[in-house]
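Colleague: Just so you know, the protein sequences line up as chains E and C, in that order. For the first sequence, this note's numbering begins at 50 and goes up steadily by one. For the second sequence, this note's numbering begins at 11 and goes up steadily by one.
Treat the hints with care, since some could be wrong.
Below, computed lysine-lysine pairings styled on DSS-like, alpha-carbon distance capped at 30 angstroms [to be verified]:
no., chain 1, residue 1, chain 2, residue 2
1, E, LYS68, E, LYS89
2, E, LYS68, C, LYS36
3, C, LYS106, E, LYS242
4, C, LYS266, C, LYS62
5, E, LYS201, C, LYS270
If you are wondering where the hints come from, they were derived from the structure by calculation, not from laboratory data.
Here is how the chains run, residue by residue.
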Amino acid sequence: MQPLPDWGNGVAPNVITAKNLRKSFGTFTAVDGISFAVQKAECFGLLGPNGAGKTSTIRMLYGYSPSSGGELHLFDQRITDDWRTVKNRIGVCQQEDNLDPDLSVRDNLLTYARYFNLAAADARATTGRLLKFFALDNRAATNIRELSGGMKRRLVLARSLINNPDLLILDEPTTGLDPQSRHQVWERLEELKTGGLTILLTTHYMEEAARLCDRLVIMNQGRILVEGRPHELIRQYVGREVIEIAPTDAALITCLQSRGLHFETFGQRLVIHNQADTGLFAALTEIFDGRRCTLRPATLEDVFLHLTGRELRE
Amino acid sequence: MRNLSISARWVRVWQRNFSVYRHTWKISFLPPLLEPLFYLAAFGIGLSSLVKGFSYRGQEIAYLPFIAPALLAITIMYNAFFETSYASFVRMYYQKTFDAMLATPLTLEEVITGEIAWAATKAVIAALLMQSVISLCGLVHYPEGLLLLPLAALGGLAFAAIGMVFTSLVPNIETFNLPIFLFITPMFLFSGTFFPLQNLPTWAQWLAQVFPLTHLTMLVRACALGRLDLTLMWSLFYLVAFFLVAYPLAIRGMRKRLIK
Chain E
50 MQPLPDWGNG VAPNVITAKN LRKSFGTFTA VDGISFAVQK AECFGLLGPN GAGKTSTIRM
110 LYGYSPSSGG ELHLFDQRIT DDWRTVKNRI GVCQQEDNLD PDLSVRDNLL TYARYFNLAA
170 ADARATTGRL LKFFALDNRA ATNIRELSGG MKRRLVLARS LINNPDLLIL DEPTTGLDPQ
230 SRHQVWERLE ELKTGGLTIL LTTHYMEEAA RLCDRLVIMN QGRILVEGRP HELIRQYVGR
290 EVIEIAPTDA ALITCLQSRG LHFETFGQRL VIHNQADTGL FAALTEIFDG RRCTLRPATL
350 EDVFLHLTGR ELRE
Chain C
11 MRNLSISARW VRVWQRNFSV YRHTWKISFL PPLLEPLFYL AAFGIGLSSL VKGFSYRGQE
71 IAYLPFIAPA LLAITIMYNA FFETSYASFV RMYYQKTFDA MLATPLTLEE VITGEIAWAA
131 TKAVIAALLM QSVISLCGLV HYPEGLLLLP LAALGGLAFA AIGMVFTSLV PNIETFNLPI
191 FLFITPMFLF SGTFFPLQNL PTWAQWLAQV FPLTHLTMLV RACALGRLDL TLMWSLFYLV
251 AFFLVAYPLA IRGMRKRLIK
């Protein structure tokens with residue numbers, strides 16, 4: 050969306066470097082020593098079930114909460130050194146809707162621009178440009194309470210870009226949106242990515258992570274389980290295709306065990322990953338009712354459930 | 011993070027609240043204009059005939075000139091206190107406005123300072139409106155009456171800061187009933203507002219000295235009546251000290267509440 054600043058010497062520096070980062074609340078450890086690096090112009094995903102420590106991590110990144118240990122560098126600066134400069138270069142889209150309901154759409158952006166000490170003329174120009182970019186320009190004078198969920202999200206995103214950030218932090222940007230709004234948000238984010246913006250994203254939608262993220266980590270209980278590119282993780286942990294059989298029964302399980310196949314069962318559903326035998330699906334549909342068997346491409350969701358388990362996190 | 015704490019950027023928070031106020035000024039203007047008229051009508055016309063003139067600080071005074079400045083002091087208290095209690099709590103808890111602010115270069119200290127400064131400003135605006143009404147009724151002595159403006163700012167800061175202390179402590183919005191019934195309402199009644207303090211038993215007179223409203227009322231009344239003297243310095247000192255204690259307490263409390 051805007052030209053990126055030149056960091057010199059041609060070597061892509063890290064925008065975020067976290068080393069053994071920790072966060073505890075009393076005796077509870079939310080983030081248990083995680084290390085990762087995000088490079089310039091990269092979209093990096095933080096995935097994990099509820100309580101994995103994603104939001105705690107993000108809050109340390111944008112300086113909302115102090116870390117309990119480890120090191121954190123943003124733009125090659127230690128975050129304790131010059132917080133104000135670092136925060137000036139970050140845009141944050143928080144999880145909960147915290148638009149200012151006392152102000153109109155345009156005033157939300159103009160007021161937020163003042164928090165960054167933007168000059169009034171710049172703020173007005175950027176506001177106009179962002180409203181257009183997020184297709185909100187015909188709603189500029191509307192009260193926040195009259196906006197749909199999708200429009201509100203787009204406005205939160207627009208607001209997080211008001212300071213022309215070098216790093217955009219998105220905490221579940223599409224949670225609760227209808228498919229149309231989600232796709233619209235994704236398109237905008239892809240445009241920003243193409244423009245060279247560095248993005249850190251948390252999400253519960255694996256489809257979203259697979260589509261937007263260049264690299265990602267999957268977290269569980271405050272630790273990083275795996276790190277990699279989405280398609281590489283899928284190949285490595287699940288393979289190309291997945292066979293699902295439902296409902297399952299004893300005969301089926303005995304058959305699979307006799308063939309020495311690895312599988313996971315979840316209630317009435319049975320999932321086979323990493324099958325080397327390309328004829329397996331055809332063989333199974335012959336032995337068992339074909340309508341019970343599904344062959345589909347492996348997804349990031351398979352990786353996620355395989356690594357973090359299927360039990361509820363509440 | 012602690013070391014950069016506060017800069018002039020708190021003005022941005024003040025500006026945010028001022029923008030909202032500008033949109034609703036027609037409604038916000040009405041209470042401070044109408045309220046004194048109601049009170050003056052009720053007390054001036056209704057109650058005055060029952061109350062004979064009495065002696066206040068060694069001089070005879072009628073009831074209406076006695077009570078009009080007290081109403082001004084009460085307006086200052088209400089406007090400041092309700093802004094940093096209910097209104098700030100709504101912004102903090104329901105609207106998550108502070109969360110959004112803290113994702114920008116604003117610090118917590120600046121957010122809270124901006125809120126307190128805004129509440130004091132609101133108190134000054136309300137006092138100014140009310141002062142113009144009671145001045146038209148001939149109840150403010152000038153030029154001493156000009157001192158009411160800085161006095162409203164000081165009183166506003168003191169009550170805004172203590173309001174913010176309660177906001178940092180209450181678990182939910184209903185709990186504000188507690189400081190209102192135990193702190194604000196007794197002050198409203200027993201701070202030498204509607205009757206002179208000397209009518210109270212000695213122990214209650216001493217207790218009233220703790221109330222910031224007692225001191226604000228004394229100061230406002232002295233300015234309005236044009237009867238300034240050096241003993242008022244103690245009240246002035248008390249209000250300044252009250253603010254200087256409550257303000258850091260408010261910041262500490264809010265830091266404890268919000269930064270996790």
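Colleague: Is C/LYS266 within 30 angstroms of C/LYS62, Cα to Cα?
Modeller: 52 angstroms, violated
Colleague: Decide if the proposed pair is consistent with the structure: E/LYS68 and C/LYS36, CA atoms, cutoff 30 angstroms inclusive.
Modeller: 55 angstroms, violated
Colleague: Holds or violated: are the alpha carbons of E/LYS68 and E/LYS89 at most 30 angstroms from each other?
Modeller: 18 angstroms, holds
Colleague: Would the hint linking E/LYS201 and C/LYS270 be met if the CA-CA limit is 30 angstroms?
Modeller: 27 angstroms, holds
Colleague: Would you check the hint for C/LYS106 and E/LYS242, treating anything up to 30 angstroms between C-alpha atoms as holding?
Modeller: Distance of about 28 angstroms is within 30 angstroms: holds.
The structure fails hints 2 and 4 (numbered hints given earlier, in ascending order).
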